[in-house]
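Under our numbering, the very last position in the sequence shown is 734; numbers go up by exactly one each time.
It should be emphasised that the hints constitute simulated quantities derived from the structure, not laboratory data. Treat the hints with caution; some may be incorrect.
[As the list claims (entries may be wrong)] Dumping the calculated EDC-like pairs for lysine to aspartate or glutamate here, alpha-carbon to alpha-carbon at most 20 Å:
hint	residue 1	residue 2
1	717	655
2	381	621
3	333	575
4	333	317
5	717	652
6	143	158
7	381	158
8	64	27
9	381	521
10	72	158
11	333	212
12	717	621
13	64	627
14	333	652
15	381	183
16	381	655
17	333	284
18	381	203
19	381	237
20	333	725
21	72	43
22	72	27
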Amino acid sequence: MPHRNPSQPDLLPAPADGRVRVMLTLPFAGPLDYLLPPRLADARPGDIVTVPLGRRTETGVIWDAAPRLPPEFTPPPQKEVATSRLKPVAARLDLPPLPAQLRQFVDWVAAYTLSPPGMVLAMALRANALAPLPRPATGWATAQTLPADLRMTPARQKVLDAAAEGTPLTTTELARRAGAGAAVIRGLAQAGALRAVEIAPPPPFARPDPAHCPPVLEGDQAEVATELRARVAEDSFSITLLEGVTGSGKTEIYMEAIAACIAAGRQALVLLPEIALSAQWTGRFSRRFGTEPALWHSDLGSRLRRVTWRAVADGTARVVVGARSALFLPFDQLGLIIVDEEHEIAFKQEDGVTYHARDMAVVRARMSRAPVVLVSATPSLESLANVGAGRYRHLKLGARHGNASMPDVETLDMRADPPERGLFLSPVLTGAINDAIGRGEQAMLFLNRRGYAPLTLCRTCGHRMQCPNCTAWLVEHRARHILTCHHCGYDEPIPQTCPKCADADSLTPIGPGVERITEEARATFPDARILVMASDTLNGPAATAAAVERIARREIDLVIGTQIVAKGWHFPHLTLVGIVDADLGLGGGDLRASERTVQLLHQVAGRAGRAEAPGRVLLQSYVPDHPVMQALVSGDFASFMEQEAEQRRPGFWPPFGRLAALIVSAETPDAADLTARALGQNAPRLDGVQVLGPAPAPLAILRGRHRIRLLLRARRSIAVQPIVREWLSRVKPERGARIDVDIDPVSFL
């Protein structure tokens, strides 16, 4: 009999005629109709079943008769199939049913993002999470009555004595304790003196203890923690933006909200933008609650994924920390959602179902009648606009914890203090690093660019090494002796001659990546202990945790890293941060370029001076008067964001308007062009709505497909989903062409 949770009622009862709708994890427009056989007459929405589809069997979920969605999100009704043509449901799986709130959430995400609901459901089911768990181990216990004719030996007596001591033991463990062989145990079992029993596995996740090691909070910290605990106690939906400078103790404070949630008997979900962050975060959680939380991310093994999925469903996993996909877990009693570093664009999924986990977390919390807390030192303009409109509460922490102070931030004008020819570090910066290391402190160099060099060209003919599948330059990774594309994964060995003019040894790297900066640093600081933190060098949370431990033990003098080093790390002995190229993110015409650059560099700068020793940040820039650089130097993040808002408001750019991107892609340029032209000719012409394009995408070829973009912009009061749905219904893509929709795009490549 499948699990049934009375606290999660079905939206609708099973139909009287036996017809049910089953949502499959396939790109259909909605559920398919099936019949319930008499043996499954008690099945209800949420039950996980198998059904026939053509000549194969698929897994799906019995779905609700109609989704509960706002009118503008409701998809057109499907045609009903005659009962005589329906096939019966094959079987019901012995798994916890999907809660009603999760089914409603799947429908909502699909309607909002204009995605097939089955593909959203696929994120909630995760096929490998549904596979059977391994059978429990078999143990041995003494029979209640020993056989009268049992022949006893000293070895047999030792085994029986050990088996009688307590819980059942496996053959291996029982033999070890008794000092006997496995043959003795088998003989006792055959004689009827031992009986086989299943050994119940221990609970996969211990219950966190809210009273284990509470922090000492004072002043603003105590007030904010009290406010968050009150939100949890309300047991209702609310949205709070927790803004605090780097090092202000935001994590310790929102853990008090988690403690209140656990004490109330409910579950908490914490979303992190990067898997790498989970290592240090779980360590802090363990110190606070006496045990580790459940983890959910792509690096989990299949067995742990299955165990975790079920523990979330039955409520034994009280706290889950994970990447954006954790939003789709089958929580039994979700009482709190935390979105840490809410401004991070890593929360936007751009492959498959395109959704923003921060925004969908708000929706999931509303459906669960739970509070959601968005946390950041540099909140997104969207969240700040919601604060201004009165939709979000706003809590602020303006000072660092303890005696730590904010670092001094300075710009290094690279025109006045340029590096030596062929190098990339200003003498001022290298001098500051030498001084910091000389004092026994740690320093960091940040460059948000992987590899050795972003471009390789021929000095003889000017040929540039380009990806054959994308309109992107190949990045040199000298450590692996390859040129690679960071968009499609193509790579090739570094050639000895130019592919165009055949001149030998004429290829030269242009610009720096972290490998090239590391090469320069090793030459400049030959005695320094250097560690590189980038996705190429840290493959997974375990490697990241090991690197962080080395830094904490002061085994490292100089850290060199990409954006992974910006993510909330606490390095108490790190006092100097050097930004190698502070101007890097300002180009490209991205709507959010300045906002993202401020957020990223402010986060990186926040790694300096987090303990007693003061911190210093040096920004290498060729435009030191740029508003971004001035905001970083002054620390006046609020004024900068107000200026950003004033620039976007007149044109109804987000957050003061809505965007929907349509990306046409095809294997041939003609198919892409004809489909894009058809979209342009059929573009909606409505008041408050404007369509920009079609125009070639900045990445005009990606993974071998030609790409053209259109952008729909509308006033905030206008829902774009019904407009885009009706627009797409008027256009039939050319053969081999595809139209992808991105509601609320954050990337314009």
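A quick look at each hint next to the structure:
Straight-line distance between C-alpha atoms of residue 717 and residue 655 comes to about 15 Å, which keeps the hinted pair within the 20 Å bound. For the given pair, residue 381 sits about 14 Å from residue 621 by alpha-carbon distance, which is consistent with the 20 Å threshold. Distance hint between residue 333 and residue 575 is fulfilled; the C-alpha atoms sit about 16 Å from each other, no more than 20 Å. Our distance criterion of 20 Å between C-alpha atoms is broken by residue 333 and residue 317, whose separation comes to about 25 Å.
A hinted pair counts as satisfied when its Cα atoms are at most 20 Å apart, and residue 717 with residue 652 qualifies at roughly 16 Å. As the CA atoms of residue 143 and residue 158 are separated by approximately 13 Å, the hinted pair is consistent with the 20 Å bound. As the CA atoms of residue 381 and residue 158 are separated by approximately 56 Å, the hinted pair breaks the 20 Å bound. Restraint check for residue 64 and residue 27: not satisfied, since their Cα atoms lie roughly 26 Å apart, outside the 20 Å limit.
Of the pairs offered as hints, the one joining residue 381 and residue 521 is violated, with about 36 Å between alpha carbons and a cut-off of 20 Å exceeded. Only pairs whose Cα atoms come within 20 Å are accepted, and residue 72 paired with residue 158 is rejected, the gap being roughly 51 Å. Under the criterion of a C-alpha separation no larger than 20 Å, the hint pairing residue 333 with residue 212 is inconsistent with the structure, at around 29 Å. The hinted pair formed by residue 717 and residue 621 fails the criterion: a straight-line CA distance of about 50 Å is larger than 20 Å.
Distance hint between residue 64 and residue 627 is unfulfilled; the C-alpha atoms sit about 50 Å from each other, more than 20 Å. Between residue 333 and residue 652 the alpha-carbon distance is near 26 Å, which puts this suggested pair outside the 20 Å criterion. Simply put, residue 381 and residue 183 have alpha-carbon atoms about 53 Å apart, too far for the 20 Å limit, and the pair is violated. Proximity of residue 381 to residue 655 is assessed by CA-CA distance (about 53 Å); at most 20 Å being required, the pair is judged violated.
With a C-alpha separation of about 19 Å, the suggested pair residue 333 and residue 284 falls inside the 20 Å cut-off, and the hint holds. Between residue 381 and residue 203, the direct Cα distance comes to roughly 14 Å. Compliance with the 20 Å bound is thereby established for this hinted pair. A hinted pair counts as satisfied when its Cα atoms are at most 20 Å apart, and residue 381 with residue 237 qualifies at roughly 14 Å. Proposed proximity of residue 333 and residue 725 is supported: the alpha carbons are some 15 Å apart, at most 20 Å.
Our distance criterion of 20 Å between C-alpha atoms is met by residue 72 and residue 43, whose separation comes to about 13 Å. Note on residue 72 and residue 27: the hinted pairing holds, with a Cα-Cα distance of about 18 Å set against a maximum of 20 Å.
In summary, the structure is inconsistent with hints 4, 7, 8, 9, 10, 11, 12, 13, 14, 15, 16 from the numbered list given earlier, while agreeing with the others.
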